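Engineer: In case you want the letters, here they are:
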Amino acid sequence: MAEKLVPVVCPWCSVGCRFYAVSVNGYIRKIEFDYDHPTVNRGKLCPKGVASYQFINSSKRLKKPLKRVGERGEGKFEEISWDEAYRIIAEKIKEIKETYGPEAIAFLGSEKITLEENYLVHKLSKAIGTNHLDFPGRYCQYSNAPARTKVFGSAPATNPFEDVAKAELIVIWGHNPAETAPVFFGQYIEKAVLDNGAEMVVIDPRATRGHKYASIHLKPYPGTDLAIALAMLNVVISEELYDREFVQERTVGFEELKESVKDYTPEWAEKISGVPAEDIRKVARLIATKRTALLVNEGLNQHVNGFEFALALANLIAITGNIGKEGVWSGVFPGAQCGFCAAMSGIAPNKLPTGKLVTDEAARAELERLWGFKIPDWVGLDLTSMIREIGNTIKMMYIVGGNIAKSAPNSKWVQEQLKKLDFLVVQDIFLTETAKYADIVLPAAAWFEKTGTAISAERRVQRTYKAAEAPGEAKPDWLILVELAKELGLGEYFKYEHPDEILREINSVIPVFKGATPEYLAEHPEGCFFPCTEPGEGTKILFKKGFKTADGKAHLQPVKWREPPEMPDEEYPLWLTNFRQVGHWHTGTMSFESPSLKKRWPEEYVMINPKDAEKYGIKSGDLVKVETKRGSVLVRAEVTEHVREGVIAMPWHWNVNVLTLEETHEITKMAELKAVAARVSKVEE
Amino acid sequence: MSKKIFLDYKRCIGCKACEVACEMAHGEARIRVFEFPDLFTVPFNCRHCEKAPCLNVCPTGALFRDKDGAVAFDPLKCIGCLMCAVACPFGVPKLDEENKIMDKCDLCADRRAEGLLPACVSACPTEALKFGDVNEILWNREGKVVANLKSSAEKGEGEKAYVIL
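Heads up: the sequence lines are chains A and B, in that order.
Under numbering that gives the first Met the number 0, the first sequence has 174 at position 175, and the numbering climbs by one with no breaks.
Under numbering that gives the first Met the number 0, the second sequence has 69 at position 70, and the numbering climbs by one with no breaks.
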């Protein structure tokens, strides 16, 4: 019995925890904690991490390629061979290209597959001739990332996690790290608060797990955080608490910003958000006077007004000088281990993997030289627009590892749209809700069954290694893409035998990963921080001197109040928001297949404040119907003080997207996933 | 002095990593996180009592004290009489329904034999669980209190002194 300790990166959130998979003859027997290396998790793991290999052993894993025999969505398939699957897909791609042109085909990359694999999805889509390329991360960081890019020229986290532990003030705004990233919470946030005496502020309509450490808890209505951020800008500017020197030397646009927020007093914000004006003042003063780690996540991102909210926060970070030094933290915090793998390989309708825009002729020419084929020059469709265009201009979709039939807002509508496709290919490890609509389903190897690169929320680029054999005929995503490319006659551009070869190409194509070579990452399990231009020369703290904007200064943006697209009214009097649970991940495709997790976090429920519950005659454990204009779900009620009055909250891993709204922001295309009008009523059993 | 698992309850966020880690190691979780309505959470495992009633009443000698002081367990000797469950004031020993023998925390005897920490302690992301000698852990806590009082006194901030538990 050959027992091997294989170093792996955890497949769930983006903290980037490392551990060892103890592998015996191609099976993972157990895990072992890795305390030896200077890892981000210092050997620690959350429940998902400890149970992380259970799902790969599920009997529901896809083992052979499948061809649909029943109706779309029915989930009836017959097994076919890989050769036949490739042949059908290639023929269909050629047919659709000839009939409608390549712009009828859309590709989705994934935050669940490696950097190398996302890069290949991107390369294949461009080789086929389409820029309709996106990934489900569209519903993740796409408010904060574009806003930070506008202000600072770059979105990722400015500092390593260790700086969070050095901060004087931790602001957790629309983020629940104690549940979404427990290791980050325990190893960095708790250390800051309990050991280093930092103060903590929580801004959330719910009492999240970590809020017991907070000295102040603001509870705005969902979707109204923008009002608070505007009021904070107003306070910092009108009380002249901003960092004068920083504003003068390192920013432009301060006067316009000042003008834009002059009417947004805390009293005005109190009326909108329900948060006492004095508390807003107190927190604004703290942020302005202390070294602040500002931790935001989906509570900021998943709103149509999230872009404006993120702009306001980026302004606040800039004028208070909480950037470009030790002991501060701000940036995007992807929900998945490889959010950055998709984003940094340019998985977006308007990007090239080099980070430049598809409309940039010189950048395109440079990439055409490197890749050897012509690249389309038009801006493609984002994910929501793709779904809208199904049945119209989009005839085919190729989805790698995404579950949009459940994760996209207004999911009933999404499912109806998927039925209208001429052809759908889904490449995944389980027969997901989305795969049930596919014509061809390709069985992929799961995390732990392949070697590749993952990038954590603190920009740490790490290698993870193959510890188990894929079941049946399942193959790593990169290999599927390479073989399909060969079938399409594009083999000359996809000559890869091993993920190392893809990473070497990435080293030469994507400048920020130039130094993250397979050799360097193999020798350094702790990885390097991108941008790493030379092996070993990562960048731990960004913006110490200049910003990534053209003139090197932070471009402060004037911001205006923007209402959420849907507000409670007489018919739907409550705000509905959602949250993540520590034991589950995304749409549960993987965590629901993990017995230890499913047992402890078994079902969805709705949190209702006791005052609201009394009004509607609901008690804990009652079956209730939660309704919005899009649809309804039946769930158990949990009457609790942990959600504010007027707000109800549901975990999002189950069916909450039946209720959410597909309306998007005009620039970021972010939909409204966290603040919609709803009503609840008790259902007699 | 024997080593035990201690809880720094202030640090616990109720994530249940300890439960899952224990379950992964033993098939069934021998530690349990209790949750209270105010988000207060307490993971609770066998205390490996100095005067262990379970061990005293075990008629077959299936329960024994190992060299590290843990109340360990020999499944081959267990007859499933439940005496240990009756005697334990904390309700720790559980019946393994399938094998009709008892099951309880042995502080991960196999891991300790390899020089590793018990699985729950290894995983705990907030370090709320600590494995060590009782006096060492308590002295450490006391030391923190003293250090805090001292530094506050030096800074003339007597009123700001607080107790870290």
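Hints are computed from structural coordinates only; laboratory data are not their basis.
Everything numeric in this text was worked out from a predicted model, so none of it was measured.
Fair warning: there could be bad hints in the mix.
Some chain A residues judged to face chain B by a derived CB distance under 8 Å, without partners named [unchecked claim]:
#1 Lys43
#2 Leu44
#3 Val581
Pairwise CB distance ranges (calculated) [unchecked claim]:
#4 B/Tyr8 - A/Leu356: 25 to 35 Å
#5 B/Gly131 - A/Ile215: 46 to 56 Å
#6 A/Glu77 - B/Gly131: 55 to 65 Å
#7 B/Ala108 - A/Lys494: 51 to 61 Å
#8 A/Glu77 - B/Asp95: 35 to 45 Å
#9 A/Lys543 - B/Lys93: 53 to 63 Å
#10 B/Lys154 - A/Asn56: 23 to 33 Å
#11 B/Leu75 - A/Ser57: 30 to 40 Å
#12 B/Ala86 - A/Glu602: 50 to 60 Å
#13 B/Gly131 - A/Glu533: 57 to 67 Å
C-beta: ideal position from N, C-alpha, C; glycine also.
Engineer: If a hint holds in the structure, say so; if it doesn't, say that too.
Structural biologist: Status of each hint after checking the structure:
{"no.": "1", "hint": "Lys43", "in the structure": "4 Å, holds"}
{"no.": "2", "hint": "Leu44", "in the structure": "5 Å, holds"}
{"no.": "3", "hint": "Val581", "in the structure": "5 Å, holds"}
{"no.": "4", "hint": "B/Tyr8 - A/Leu356: 25 to 35 Å", "in the structure": "53 Å, violated"}
{"no.": "5", "hint": "B/Gly131 - A/Ile215: 46 to 56 Å", "in the structure": "35 Å, violated"}
{"no.": "6", "hint": "A/Glu77 - B/Gly131: 55 to 65 Å", "in the structure": "59 Å, holds"}
{"no.": "7", "hint": "B/Ala108 - A/Lys494: 51 to 61 Å", "in the structure": "53 Å, holds"}
{"no.": "8", "hint": "A/Glu77 - B/Asp95: 35 to 45 Å", "in the structure": "43 Å, holds"}
{"no.": "9", "hint": "A/Lys543 - B/Lys93: 53 to 63 Å", "in the structure": "56 Å, holds"}
{"no.": "10", "hint": "B/Lys154 - A/Asn56: 23 to 33 Å", "in the structure": "56 Å, violated"}
{"no.": "11", "hint": "B/Leu75 - A/Ser57: 30 to 40 Å", "in the structure": "33 Å, holds"}
{"no.": "12", "hint": "B/Ala86 - A/Glu602: 50 to 60 Å", "in the structure": "36 Å, violated"}
{"no.": "13", "hint": "B/Gly131 - A/Glu533: 57 to 67 Å", "in the structure": "43 Å, violated"}
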